[in-house]
Structures are given as C-alpha cells and as structure tokens.
Amino acid sequence: MRLGALNLQLEPGPRVYSNHATNNVIDRKSLTDSRSTIKADEALLHLHHEVIRARRRSFTHGFRHCRSFTTQTWHKHGHICAHLDVDLVFSDVEANGKPYNAGHIDIGLCVSQVKSFVGHYDVTEAAAKVVGVDKVESKVIELIKKTGVQCSYPPHARPSVTTSNECDFICTDGFLAIPANHPSSCVCPPSHLECNGKCHGQISDCSTKPPPSRRQNEPKCAKDLTMCGVPDARWGQAFKCANVTSDSYTCGGCVKASPFSSSSTGGVNCHDIPNVDEVSCIDSKCFVHTCKSGFTESAPNDGCIATHGKDARTLPLPTTGYVVNSLDTATGSVTGSHVIGRGSVVDEVPGTDAPLDATRETLSAGKADTKVAREAGMPFARDVDNTDC
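Residue 154 in the UniProt record's numbering sits at position 154 of the sequence shown, with consecutive numbering throughout.
Think of the hints as simulated: they come from the structure by calculation, not from any bench.
These numbers were taken from a predicted model, which means no experiment stands behind them.
Each hint should be verified, as a subset may be incorrect.
As the list claims (entries may be wrong) - Under the rule of at most 25 Å between Cα atoms (straight-line distance), these lysine to any residue pairs were calculated in the SDA-like manner:
#, residue 1, residue 2
1, 145, 83
2, 240, 271
3, 145, 111
4, 240, 119
5, 98, 128
6, 115, 255
7, 129, 89
8, 256, 137
9, 129, 272
10, 240, 269
11, 220, 243
With the sequences and hints as input, model every part of the structure.
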C-alpha cells in the first residue's frame, strides 16, 4: 500500500513495520507481550492517519492557490484600460467611397465601461445609428485592447483613466484614497464607521435596514418638472429637470431622453431655429422675438425669413390699410398712390406702373412719400378698405 512518500509494507514471517522516510523499523518478534503488540498496531494506524492528513493539507493548499490565481487573472482581464486618442474608423463600411469614419475619440476608458460609454458619447452614438451598437462596442473594445494595460483596483474604487495613468481610480461610497497623491487603496478612516458597504461620518448615518434598491436611488425631479437628458453631454448619465412649457432648450418636451426615466423626446431646442437671435418658449411653443441681420420674424413668430435675395418672401397685407400718395419732388405733383399695410390681397393702384411690393422696402418708401406729401401740405393718407380699391 503506497500513500504519498510513506511506504507501509507487510512482510510474511516476522511482521516488520518500516517507514522508509525515517528508516525506523519495528520488529514484532521483539514485542513479547500483548501490550507491546497493541502499541505496534497503534503506531501503524497513527502513521496511516498522518499520511492521509498530509495529503489533504497538500491538496487544499493547491486548490486555494489555484482559486486565488484564477480570480486575480479574471479581475485583471476585466479592467483593461487605455486613453484613446484616435479616429473611429470602420474599414468594412464605406461612405462616399472611403472607409466610414464616425469621428475622433479622445477619452480615457476601460473595457468594463464600454457599454455605458457607447450610448452617451456623441461620436459613438452617431456611429451606432449607421453600423449598429454591437459593432461599435466591438470596435471600441478592440481599440482599448490594442494600446491598453491591465489594471486591478481595490474595493470601493472606480476606474478613472488619465493621460498619465491608465490605471488611475477614484474611491466611492465615502471611502478615502490612500495615499492622496498616488493612491493604492480606498480606506474608511478611524473617525468614520463602515456599514452597509459605505463609509459614514456619523454613527446615526448607519441603519440596520437593507440598502435601498437601485430604483429608489435613482434621481427624481420636483413636481411640474420633467427629467430630460442633456444632448451635448460627452458621456455618462447626464440629466436635468426642466419645465418643458417654458424652457427654450426643451420646449414642448425633452430633446434627449433621460437615462433614468421614460420621458418622451418630442421637444425642440428653440435656439436651433435658423437665423434666430432672441427666442423664448411660451406654452410649449417657440416664440421668436428677433432675428439676425437680414432676416425678420415670420407672421406666427415661429421662425425667421430673409428680407433680401431669392429667399425673401412677400409679407401679407391687412384687409384694411392706408393709401399713401407718391409725390414727384421735382414737379410737386402726385404721381400715384400705394396701399401700405398687412393683408392677403395685393391690388394694382391707379397711377402706379406695377403691382404693390409689400416688402419692408416698400413700407419704408411709403413712409418717405408720406413725409414729403405732409411737408408739401397735400392730402397723403386715409383709411380705406381694400375691397374698394
């Protein structure tokens, strides 16, 4: 019978119990009484149990070592981090005859953060609409693994990649980074108390109740405010609480959905109206107050229209307007009349060579003619109905 390094042999004739490891021999023939025989048997049994215990210790030690190594290896591979400063190019997707380039990425990132990152970064968001989320995630992970390093973090730490240290981290749950300059661990100081996985400054902060669920921890907005996402946020779970009836950046609803709620995205950013200068949100609708130079407000004040060039539009005339006499300043005689106002019908006025142009220039010209007529002491205007023209 062979047990590890100990070889117990039972030989015929005189029974000899030999331990080759110690070269100790027990000759049963020399044991003259029954008591000695019993002791010899007990010695044999004791050696047998020692071998079994030794093998168990060896096996357990090896198992623990293997389990520890496996856990550590998985932990390291779960945090491959890199600072990316590269274009997001998909060589197997063409755009205008060239490989599709979604844009430039400049950010520190770990593989474990890719899923949340892709949906909150402008470049990857745009790419996902073209090639799909899975393809974008795979490409970003490929870029990280290409230049990244394996990092391990202490408990209560979150990766925070920097250009100088891919494995940098910040401590969470109230724990402090120790040492402060180049931290290697997150510690709850002696003046604090650790409970429910968090480091608290006061004993009263600890509770015997279980920690709240994730849904209970999610932020909420006050009454009459809507939680909306932030369109220009680079990444992360950015949100704001807005009054969609008066907020000019989220007028009528959210422009981007919140990461914590199912709010609709039917709103608009009034400041995105082309050529707008001053704008507000009134009763969930954009109201344009002023426009940039060369443009004027549309009739319902929901946009800006050009006052010059091919994009210029004729302003409507009113049903009731003004007749303004045009005066020839050289001869002092009335040459014709213009109807000045806002309405839907434009008639040719007797004494004029062309139909009335109801743009701002015509309004200005009419005011100038009126001024000249007034200074000459001539009748210059009267209220009329366009149906009588």
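For this session: Please name the hints from earlier in the document that this structure breaks, with their numbers sorted from lowest to highest.
Result: Violated hints: none; all satisfied.
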